[in-house]
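Once you've looked at the hints, dock chain B against the given chain A.
Protein chains: 2
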Amino acid sequence: MKLLQKIIHILKERKLTISLAESCTGGYTSYLLTKIPGSSAVFKGSVVVYSMEAKKIFLGIPHSLLKNTPGVSKDVCIMLAKNIRNILSTDLGASIVGFAGPTSKKGVPVGTIFISIADKNSADVKKLIIKGDRDKIRKKASNFLIRLIHNKVKKYNLKSLT
Amino acid sequence: MKLLQKIIHILKERKLTISLAESCTGGYTSYLLTKIPGSSAVFKGSVVVYSMEAKKIFLGIPHSLLKNTPGVSKDVCIMLAKNIRNILSTDLGASIVGFAGPTSKKGVPVGTIFISIADKNSADVKKLIIKGDRDKIRKKASNFLIRLIHNKVKKYNLKSLT
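Protein sequences, first through last, are from chains A and B. For the record, in the first sequence the residue sitting at position 40 is 44 according to the numbering used here, with numbers rising by one throughout. For the record, in the second sequence the residue sitting at position 21 is 25 according to the numbering used here, with numbers rising by one throughout.
Next comes chain A alone, as it looks inside the complex (with noise of 0.2 Å):
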């Protein structure tokens, strides 16, 4: 709760805006967000891409990109952010996908993550590999989010943004 707070107080502070796309978490990230009241200021939405089409459709992923991989791979998680930060307007995107199980898809195996954010300037990505249940999966790799926006947000001051 302390992280979120400090996300959003940061972003206030610096009148900056962040938006997400969440796959595999299925939401509980920008619930998380959103928990934190006056989060609305900063916080513009998010997409739940849980389908091919979703993705396609929301985030303007295209098929190439998907086929393969069953919309989990760093090319998809870091488009997915560079995407919804363009659409939606904002400074920050954020994103996460991945397989929370209980079963694996086309080889990829069950805890298998991507998390990245983008600015204008460009985009980090992080692959993760996280044990335990679906859901405890879910939580973490939504946590393992919310740090990677706040290493983000803690760095910026107001010169960068220009």
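It should be emphasised that the hints constitute simulated quantities derived from the structure, not laboratory data.
Which copy is meant is left open, so a pair is good if it fits within one copy or across any two.
Result set (DSSO-like, lysine-lysine): computed pairs, CA atoms no more than 30 Å apart in a straight line:
{"id": "1", "residue 1": "K110", "residue 2": "K16"}
{"id": "2", "residue 1": "K16", "residue 2": "K109"}
{"id": "3", "residue 1": "K39", "residue 2": "K109"}
{"id": "4", "residue 1": "K19", "residue 2": "K110"}
{"id": "5", "residue 1": "K109", "residue 2": "K10"}
{"id": "6", "residue 1": "K143", "residue 2": "K159"}
{"id": "7", "residue 1": "K109", "residue 2": "K130"}
{"id": "8", "residue 1": "K39", "residue 2": "K60"}
{"id": "9", "residue 1": "K109", "residue 2": "K71"}
Same frame as chain A, but now just chain B:
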């Protein structure tokens, strides 16, 4: 959890799909539905429309409908359910809008929530007044929407879909 399992089970069995549009609950209802393994077969995705921009850009809600009610009204709720259903081509579309507080906006009391579910023929909508703190209101509101979805899907039989 049992209600969630029943919803996913019925939808799977009847080959029906569902999508959501959430405002005040910030993605919590989507998180609940996707707790169930195999939910990806029936849940196509959702949009957390936490700003006017998100309601316009992703769900095509016109400015004229938003300007007097900060996005919280029966009409906005119905349109969100209908539009997410159309955009993701799902059998059902459900939505939730409201104020979880801690402060009220434009004279709409904290805890005022609308929930809606649409199929190809019609849309049902309900107004709720929920008491409690921000997190309680959001969780209760999500659970009311889950119940509304369950009430809808349990009535379905294959015949009624044709």
